[in-house]
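**Q** Residues per chain, in single letters:
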Amino acid sequence: MPKRKAIHREKPKEKFSYDPKKVLSKLEEYGRSVLEAIKSGKNPYFDIPMRGLNNVYFDEKSRLIKMGDKLSRRYFLNVAHARKFMQTLLIMAYVKRLVSEGKHASLREAYYANKHTIPGTRENTFEDQRESDPIIEDLERMLGVLREEMHITADRRGYIYGDIVIRDGEDEFNASKLGSGGWAVPGTVEHIQFPEINVDYALVVETAAMADRLIEEKFPKKENALIIATQGQASRGVRRLIHRLHYEEGLPIIVFTDGDPYGWYIYSTIKQGSINLAYLSDKLATPEARFVGMTMDDIKRYGLENVTEKLKGIPPNKKGGPTGDYKRILEEMEYPWFQNREWQRQLKMALKWGVRIEQQALANKSLEFVAREYLPEKINNGDLLP
Amino acid sequence: MAEASQLFKEFKIQSVSEFFRRNAAMLGYTGKVRSLTTLVHEAVTNSLDACEEAGIPPYIRVEIEELGREHYKVVVEDNGPGIPEKYITHVFGKMLAGTKAHRNIQSRGQQGIGISGAVMFAQITSGKATRVITSTGNDEIIEAWVKIDVDKNEGKIVKKEKHPNPDGWHGTRIELEVKNVKYMRSKQGVYWYLKLTAIANPHAHIELIEPDGRLIVFPRSSEEVPEPPVEMKPHPKGVLTDDVYRMAKKTKRQTVRRFLIGEFSRISDKKVDELVEYIAALRLIKTVEDKKVQEQLYERLMKGEVKAVLRSFRGYTKVVKQVAKMMEKPPEKLTWHEAEEIVEAFKYMKFLAPPTHGLRPIGEENIEKGLKGILKPEFVTAVTRPPKVYSGGIPFQVEVGLAYGGEIPSGFELLRYANRVPLLFDAGSCVTTQAARSVDWKRYKVDDLDRTPLVLMINVVSVHVPYTGTGKQSIASVDEIYNEIRLAIMDAARRLQTYLSGKHRRLYQVKRKKTFEKYVPEIARALSVLTGEPEEKIREYFLNFIESHFASKEAVEVSENA
Numbered sequence: 001m002p003k004r005k006a007i008h009r010e011k012p013k014e015k016f017s018y019d020p021k022k023v024l025s026k027l028e029e030y031g032r033s034v035l036e037a038i039k040s041g042k043n044p045y046f047d048i049p050m051r052g053l054n055n056v057y058f059d060e061k062s063r064l065i066k067m068g069d070k071l072s073r074r075y076f077l078n079v080a081h082a083r084k085f086m087q088t089l090l091i092m093a094y095v096k097r098l099v100s101e102g103k104h105a106s107l108r109e110a111y112y113a114n115k116h117t118i119p120g121t122r123e124n125t126f127e128d129q130r131e132s133d134p135i136i137e138d139l140e141r142m143l144g145v146l147r148e149e150m151h152i153t154a155d156r157r158g159y160i161y162g163d164i165v166i167r168d169g170e171d172e173f174n175a176s177k178l179g180s181g182g183w184a185v186p187g188t189v190e191h192i193q194f195p196e197i198n199v200d201y202a203l204v205v206e207t208a209a210m211a212d213r214l215i216e217e218k219f220p221k222k223e224n225a226l227i228i229a230t231q232g233q234a235s236r237g238v239r240r241l242i243h244r245l246h247y248e249e250g251l252p253i254i255v256f257t258d259g260d261p262y263g264w265y266i267y268s269t270i271k272q273g274s275i276n277l278a279y280l281s282d283k284l285a286t287p288e289a290r291f292v293g294m295t296m297d298d299i300k301r302y303g304l305e306n307v308t309e310k311l312k313g314i315p316p317n318k319k320g321g322p323t324g325d326y327k328r329i330l331e332e333m334e335y336p337w338f339q340n341r342e343w344q345r346q347l348k349m350a351l352k353w354g355v356r357i358e359q360q361a362l363a364n365k366s367l368e369f370v371a372r373e374y375l376p377e378k379i380n381n382g383d384l385l386p
Numbered sequence: 001m002a003e004a005s006q007l008f009k010e011f012k013i014q015s016v017s018e019f020f021r022r023n024a025a026m027l028g029y030t031g032k033v034r035s036l037t038t039l040v041h042e043a044v045t046n047s048l049d050a051c052e053e054a055g056i057p058p059y060i061r062v063e064i065e066e067l068g069r070e071h072y073k074v075v076v077e078d079n080g081p082g083i084p085e086k087y088i089t090h091v092f093g094k095m096l097a098g099t100k101a102h103r104n105i106q107s108r109g110q111q112g113i114g115i116s117g118a119v120m121f122a123q124i125t126s127g128k129a130t131r132v133i134t135s136t137g138n139d140e141i142i143e144a145w146v147k148i149d150v151d152k153n154e155g156k157i158v159k160k161e162k163h164p165n166p167d168g169w170h171g172t173r174i175e176l177e178v179k180n181v182k183y184m185r186s187k188q189g190v191y192w193y194l195k196l197t198a199i200a201n202p203h204a205h206i207e208l209i210e211p212d213g214r215l216i217v218f219p220r221s222s223e224e225v226p227e228p229p230v231e232m233k234p235h236p237k238g239v240l241t242d243d244v245y246r247m248a249k250k251t252k253r254q255t256v257r258r259f260l261i262g263e264f265s266r267i268s269d270k271k272v273d274e275l276v277e278y279i280a281a282l283r284l285i286k287t288v289e290d291k292k293v294q295e296q297l298y299e300r301l302m303k304g305e306v307k308a309v310l311r312s313f314r315g316y317t318k319v320v321k322q323v324a325k326m327m328e329k330p331p332e333k334l335t336w337h338e339a340e341e342i343v344e345a346f347k348y349m350k351f352l353a354p355p356t357h358g359l360r361p362i363g364e365e366n367i368e369k370g371l372k373g374i375l376k377p378e379f380v381t382a383v384t385r386p387p388k389v390y391s392g393g394i395p396f397q398v399e400v401g402l403a404y405g406g407e408i409p410s411g412f413e414l415l416r417y418a419n420r421v422p423l424l425f426d427a428g429s430c431v432t433t434q435a436a437r438s439v440d441w442k443r444y445k446v447d448d449l450d451r452t453p454l455v456l457m458i459n460v461v462s463v464h465v466p467y468t469g470t471g472k473q474s475i476a477s478v479d480e481i482y483n484e485i486r487l488a489i490m491d492a493a494r495r496l497q498t499y500l501s502g503k504h505r506r507l508y509q510v511k512r513k514k515t516f517e518k519y520v521p522e523i524a525r526a527l528s529v530l531t532g533e534p535e536e537k538i539r540e541y542f543l544n545f546i547e548s549h550f551a552s553k554e555a556v557e558v559s560e561n562a
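Protein sequence lines correspond, in order, to chains A and B.
Last residue of the first sequence? That's 386 in full-length UniProt numbering, and every number before it is there in order.
Last residue of the second sequence? That's 562 in full-length UniProt numbering, and every number before it is there in order.
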């Protein structure tokens with residue numbers, strides 16, 4: 001007799017929208033405008049939305065970290081800009097070839113493919129990957145397209161496990177029938193489609209060890225849940241996957257991290273986006289995500305006092321403080337999306353007790369405890385943080 | 001004890017030539033390399049002076065032929081006016097016979113011994129007579145072998161021949177045979193000396209044939225023959241009491257007033273009246289007992305308030321009349337004390353700057369020509385300062401030339417001159433060296449002086465250059481001269497700075513332009529991929545754009561400089 005669950009799949013809000021033609025037409029449009037400028041004797045330039053803290057803000061309405069409208073203008077005829085201007089065009093041409101040929105390249109491949117000595121000089125088009133990566137980010141912001149849509153991918157990280165059918169090119173498979181390792185999330189998930197989904201929600205898990213534990217305990221099957229392991233800070237692929245599963249497939253997102261500032265920050269990134277990728281929040285963040293644990297309340301409720309660890313760094317009331325974990329917690333208390341009673345209480349408690357707690361600490365009870373009691377109880381009772 | 005008469009038996013009156021024979025070192029004949037340079041210097045100087053006096057653009061040829069070990073034949077030939085037959089022994093045989101030694105006149109010659117010293121040096125080292133070939137352009141050429149009779153201080157023609165002169169050649173060629181000298185291409189040698197001479201005398205064409213047969217030509221770069229210097233009267237500022245006293249004894253003028261007006265420059269009848277007032281004022285101030293009041297009066301006098309100072313004394317007209325009387329007495333009756341009073345009053349008075357007609361600077365334009373012609377630099381500038389006086393009422397003038405880059409090797413080179421004559425020795429003790437080193441070159445965009453291709457020439461022009469020693473190779477550090485040299489250098493250096501910063505700016509622009517141009521092929525390739533337009537055309541668009549941008553920039557700069 002299935003229990004009535006607090007968490008269940010909702011109606012989709014977005015549609016699968018990947019279209020390579022959009023990227024190509026944007027590239028051509030920009031190329032044309034440069035050509036027009038130079039023909040009429042004007043100094044050609046690109047307007048690139050500025051990166052960095054100065055150009056991001058928290059949008060209360062969409063509850064996302066968003067990019068401001070500050071632009072930096074990159075001219076050809078400016079000693080400080082000329083090299084980057086050239087690099088921008090090189091990458092644009094490279095992206096055009098990738099997309100029109102339907103091939104993907106990693107960031108590193110994109111770097112090596114475009115690196116060569118400029119004829120007649122001893123200068124290279126790119127001296128190292130730290131030059132090409134930011135140009136690609138510039139293009140994302142300038143064109144309003146994801147790097148993945150430009151067929152440039154980052155290293156893959158994270159995997160999923162659960163009763164969900166995935167179509168990746170010519171392959172179609174069920175992610176609960178791939179063995180205990182699940183399906184590794186690729187660098188780009190734009191082209192991936194989900195013909196069939198038989199889960200009620202997605203549980204995003206910070207550590208691989210905890211995800212493996214849950215799979216072994218058959219948690220996905222029993223709870224009808226999809227496990228998404230982020231393996232630390234969620235990669236862009238994983239964040240995009242979470243976003244798509246939530247908006248295109250209606251899956252509620254529940255996040256399960258360590259009870260420490262880093263875990264909470266992972267949650268914050270999944271939920272509101274990050275400063276670095278603020279321009280992509282629309283596509284990467286999932287403001288409706290909710291947090292299951294670990295919380296400071298869990299320590300008392302489950303009697304985990306002797307498996308906590310001390311916070312690192314110097315507390316704010318001590319000389320030289322705050323540093324380390326204390327400093328991070330204080331910073332997080334300032335985040336607009338943590339401005340609610342529940343979160344402020346959690347963060348204050350952490351400061352007061354000076355402790356942190358790992359997901360694995362639950363094994364102190366028993367190996368099965370997390371899968372049989374902790375998670376089902378909290379999730380089905382809706383005992384989640386916003 | 002020997003009788004006095006016996007002692008005096010051995011005592012001989014030493015002739016000038018005899019003195020020279022024994023003291024050759026004092027006159028520049030010291031060291032094997034330097035002796036040869038001095039010899040050439042005396043001959044070349046004679047040639048230059050002769051040509052200038054005759055208004056002929058000099059054409060001088062120096063030949064050094066090696067006859068044996070430390071044994072050379074030196075030939076110096078010019079296209080000057082030539083020497084009339086009867087003066088040959090006078091020119092080449094008599095020491096201290098020059099006409100310039102006793103006059104207040106700027107001269108190239110340094111000792112008044114000049115070419116006769118060279119003849120003497122040749123004679124005492126090789127025993128050979130000097131061969132002189134000369135013509136004034138009439139129908140005969142005279143060939144004479146000249147020797148000096150050391151005892152009598154007289155020139156003697158040992159052998160003489162006359163030749164027809166069908167082409168009307170004029171000029172002088174002398175051939176000296178010397179031993180105990182050495183030809184070397186060092187900074188003290190003949191080559192370097194002639195090079196420096198050519199720089200300071202751009203109106204002269206100078207050639208040198210070295211012992212190995214190599215011909216070196218320092219071509220003429222200016223057609224303008226400088227006018228010969230004229231005699232000058234001393235300027236009142238800075239004359240010493242002794243000068244005034246001695247001159248007063250010698251003068252043929254009737255009164256002190258006439259003497260002052262006649263024998264000094266910049267003194268007029270009116271100035272003498274003024275002088276009377278100043279002397280009277282000084283006498284009166286000396287009677288004041290309160291030191292403070294005295295100081296104040298001196299100060300006011302310095303400001304030129306002589307009349308007001310006089311009026312502050314009761315019965316001052318009496319003193320003025322007394323002084324006025326002094327002006328009307330014969331100059332030989334002038335006392336030392338009175339001469340002192342005159343010199344003291346001069347110090348408080350204002351005079352026009354000393355006349356420049358006696359000084360013959362090379363001139364900014366000719367310095368530039370000389371430096372350009374010989375050194376082939378990329379930048380050259382010259383500064384000729386207005387004449388000044390240093391103590392003794394001796395006018396002097398400083399000029400500097402600055403050459404940078406081009407064929408000049410890197411490293412700082414100082415070329416020193418006194419009255420256009422290159423100074424090759426004792427650079428360290430010379431005021432020019434001190435002044436050049438005292439300048440903060442970094443301020444003028446010369447960051448490392450010893451690695452910059454820079455030549456600085458300094459010419460100190462004066463009727464009396466204060467040398468440090470008998471060698472006359474180094475100028476004494478007189479404050480006024482030191483300061484003038486510094487001012488001249490700084491002025492020239494400022495122009496160099498302007499040039500260098502302009503050059504840096506232009507270089508910077510070229511570099512900038514290249515920065516953009518080097519990216520064009522890459523940009524064209526990428527844009528061609530993006531737009532489908534041919535690469536070649538896109539490249540052209542970009543290059544044209546860069547070209548027109550920098551062309552308009554240059555135009556702006558030119559109009560700014562105009």
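Careful: at least some of the hints might be erroneous.
Unchecked claim - Straight-line alpha carbon distances no greater than 20 Å define the calculated EDC-like cross-link-like pairs of lysine to aspartate or glutamate that follow: (1) 513/B x 123/A; (2) 156/B x 175/B; (3) 39/A x 175/B; (4) 39/A x 85/B; (5) 84/A x 517/B; (6) 511/B x 29/A; (7) 537/B x 29/A; (8) 518/B x 127/A; (9) 39/A x 533/B; (10) 42/A x 332/B; (11) 160/B x 263/B; (12) 61/A x 138/A; (13) 26/A x 85/B; (14) 39/A x 344/B; (15) 537/B x 28/A; (16) 42/A x 535/B; (17) 252/B x 332/B; (18) 84/A x 85/B; (19) 537/B x 127/A; (20) 252/B x 328/B; (21) 42/A x 533/B; (22) 115/A x 522/B; (23) 286/B x 344/B; (24) 160/B x 175/B; (25) 115/A x 517/B; (26) 42/A x 517/B.
Think of the hints as simulated: they come from the structure by calculation, not from any bench.
None of these values were measured; they are calculated from a predicted model.
**Q** Taking the hints in turn, state whether each one holds.
**A** Hints versus structure:
Proposed proximity of residue 513/B and residue 123/A is supported: the alpha carbons are some 16 Å apart, at most 20 Å. Proximity of residue 156/B to residue 175/B is assessed by CA-CA distance (about 16 Å); at most 20 Å being required, the pair is judged to hold. At roughly 77 Å between alpha-carbon atoms, residue 39/A and residue 175/B are farther apart than 20 Å, so this suggested pair is violated. Our distance criterion of 20 Å between C-alpha atoms is broken by residue 39/A and residue 85/B, whose separation comes to about 85 Å.
Annotation: proposed proximity of residue 84/A to residue 517/B holds, straight-line Cα distance about 14 Å (limit 20 Å). In summary, the hint linking residue 511/B to residue 29/A is not supported, as the alpha carbons are separated by about 32 Å, beyond the 20 Å threshold. Taking the CA atoms of residue 537/B and residue 29/A, the gap is about 19 Å. The hint holds against a cut of 20 Å. For the given pair, residue 518/B sits about 16 Å from residue 127/A by alpha-carbon distance, which is consistent with the 20 Å threshold.
A threshold of 20 Å between alpha carbons decides the hint, and for residue 39/A with residue 533/B the separation of about 12 Å falls inside it, so the pair holds. Restraint check: the Cα-Cα separation between residue 42/A and residue 332/B comes to about 89 Å, which exceeds 20 Å; the hinted pair is violated. This hinted pair does not check out: residue 160/B and residue 263/B have alpha carbons roughly 45 Å apart, beyond 20 Å. Between residue 61/A and residue 138/A the alpha-carbon distance is near 26 Å, which puts this suggested pair outside the 20 Å criterion.
A hinted pair counts as satisfied when its Cα atoms are at most 20 Å apart, and residue 26/A with residue 85/B does not qualify at roughly 102 Å. Using a Cα cut-off of 20 Å, the hinted pair residue 39/A and residue 344/B is violated, with the two alpha carbons roughly 81 Å apart. A C-alpha spacing of about 17 Å is found between residue 537/B and residue 28/A, which places the hinted pair at or below 20 Å, so the restraint holds. In summary, the hint linking residue 42/A to residue 535/B is supported, as the alpha carbons are separated by about 19 Å, within the 20 Å threshold.
With a C-alpha separation of about 9 Å, the suggested pair residue 252/B and residue 332/B falls inside the 20 Å cut-off, and the hint holds. Distance restraint check for residue 84/A and residue 85/B: the Cα-Cα separation of roughly 86 Å exceeds the 20 Å cut-off, and the hinted pair is therefore not satisfied. Of the supplied pair hints, the one linking residue 537/B and residue 127/A is violated, its CA atoms being roughly 28 Å apart against a limit of 20 Å. In summary, the hint linking residue 252/B to residue 328/B is supported, as the alpha carbons are separated by about 14 Å, within the 20 Å threshold.
The hinted pair formed by residue 42/A and residue 533/B meets the criterion: a straight-line CA distance of about 18 Å does not exceed 20 Å. A hinted pair counts as satisfied when its Cα atoms are at most 20 Å apart, and residue 115/A with residue 522/B qualifies at roughly 11 Å. Between residue 286/B and residue 344/B the CA atoms are separated by roughly 13 Å; this keeps the pair inside 20 Å, and the hint holds. Our distance criterion of 20 Å between C-alpha atoms is met by residue 160/B and residue 175/B, whose separation comes to about 14 Å.
Straight-line distance between C-alpha atoms of residue 115/A and residue 517/B comes to about 19 Å, which keeps the hinted pair within the 20 Å bound. A hinted pair counts as satisfied when its Cα atoms are at most 20 Å apart, and residue 42/A with residue 517/B qualifies at roughly 16 Å.
Against the hints set out earlier in the document, violations occur for numbers 3, 4, 6, 10, 11, 12, 13, 14, 18 and 19.
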